[in-house]
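Participant: Listed here are the chains, written in short residue letters.
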Amino acid sequence: MEFNAIYVIVARELKKFLREKSRLFSAIARPLLWLFIVGAGISRLVPRDTGMPYTQFIFPGIIGMTILFSSMFSSISIIWDKEFGFMKEILVAPVSRTSIVVGKALSGTIVSTIQASVILALFPFLGFQLSLIQIMLVLLICVSVSFCISSFGIVLATFYESYESFSVIMNFIIMPMFFLSGAMYPVKLLPDILKIVAQLNPLTYGIDALKHAIFPDGMGQMSPDFSLLSCASVIIGTSLVFVFVASRSFERKG
Amino acid sequence: MSIIRVENLVKKFGNITAVNDISFKVEEGTIFGFLGPNGAGKTTTINILCTLLSPTSGRALVAGYDCMKEPASVRKSIGIVFQDTTLDKDLTAYENLVFHAYLYDVPKIEMKDRVNDVLNFVDLYNRKDDTVKKFSGGMKRRLEVARGLIHRPRVLFLDEPTLGLDPQSRNNLWEFIAELPKKHAVTIFMTTHYLEEAEVCDRIAIIDNGKIIATGTPDELKKIVGGDVVYIRTSDNVNAKREIQRSFGFDVLEKEGELYMTCSMGDTCIPEMIRTIGEKVLTVRLQRPTLNDVFLKLTGKAIREEEVSGEGSILESIRAYRRRH
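Residue numbers (the working numbering), protein chains in the order written: chain A, 3 to 256; chain B, 625 to 949.
Keep in mind that the hints were calculated from the coordinates and are not lab data.
All of these numbers come straight from a predicted model, not from anything done at the bench.
Hints are not guaranteed to be accurate.
As the list claims (entries may be wrong) - Calculated cross-link-like contacts (lysine-lysine; reagent style BS3-like; alpha-carbon spacing at most 27 Å):
1) K84(A) x K636(B)
2) K90(A) x K752(B)
3) K23(A) x K758(B)
4) K736(B) x K807(B)
5) K18(A) x K758(B)
6) K713(B) x K90(A)
Next up, chain A with everything else stripped away, as it sits in the complex:
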């Protein structure tokens, strides 16, 4: 791996992100809407004796949603680079495909983690008390989940050439990933078929890890669905698989 190349790919992406301030605001507007409008609405339907207020329960899920959207959409930069020809500049450079994928995935990771931290900073307003260690743990999980989802987005992006077809497939994938991730309701309450699908979704484990960190003594239905160790292994394992597949798929074609 070439660290200079990874560094400069990340630096370019961040520079572009900072120049487009509107991207940051729109990325934060969506989770706020879900947290305070959808969440507040649904909490009226949820019985009060389930262990915690519903708006608290969905907090890890909303952080996960922020990461999901921002990581998946950061891979659009690959489609733009292909469309405007810049990808060729990168592909003819003496740089391994793995470095390119890692560079792009880290860019997505940083951008997503920044956005997730903004949402995380709202925890006092939701009645949480988080220790510094918990906050660090949440940030660490955010970084790993962002890397995992960003590399998944890159895998998808290597197969598409045009913005139109890619954004169609993105919308088709993102919403099911969100709804079947345990973000809005515990996986253990899902019907069997949906439970299987949710278990195949890497985001499920990311959000579950966040639940472990944010309410470690969650009880009953609202408690995490998997052990923290299995969450960590799934996130790391799938990240490696995604990086590998994306690098292979970047290799010359034809």
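Based on the hints, put chain B in the right spot on chain A.
Facilitator: Chain B only, in chain A's frame:
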């Protein structure tokens, strides 16, 4: 020493053969031109030499490295200016160049100097902090050439470098390219379908339908034509053609109502011809041999007409093939 060696290179896209068993060599420090109509296989060849495509069969060596087996070493030794811009329009000229310097692992202490040097060389130093989207087509092309030189490549590939430029920027760019081998100790491999531009090349290979049909210096190639070309328009082409063939023994061809033939001494040939076919002559013109005539002679068609007719479909089928795979 040959810095590029290509042996029996074949590239097929499905059942379309884009490059059909070509072989050639390029000597170090020269400008080598790959000339042919669109869809002849020029870009496919460049993409193979740049390690972006794998050939179906055959071998290609650049700077002594095998394009298939040692792609990383090949990539380090080459710079490329593609047909379409590959700059990041949202970054400044300077940022684009620094990005490139990092990708090619240019030592950090030299980076700034090298970037500023190439910016001065292409006369864009005072625009270095402007975003590329404010640049004209010619400036972008110059910036791309500058970028291709930062890592001191041994071969610089230019794929149709003047495509889409106005005549003036085109001339400037050519003067600039002609100086590159001396100033930067680099070999130039370029493609073009503008014949007049191929004149700056030290050697040219003419490619048509994926095959190389001639190689040589521009002068050598013009000798293939065998002299000047005389064009005559007459009121009665059929008889005029017969009379010229009988009295002079020339091979007379006809295109768009005009007769044309090659003769070694056009200036003296024309008066004699007019005396022979007399009042039938409507217009006469004489053309010194150009590479277009060479192309015409070798393929029986002008390079430009090819551009409009057949090739579009070949390019389309290649694109369609690549979409499917």
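Participant: Taking the earlier hints as the rules, which of them does this structure contradict?
Facilitator: Of the numbered hints, all hold.
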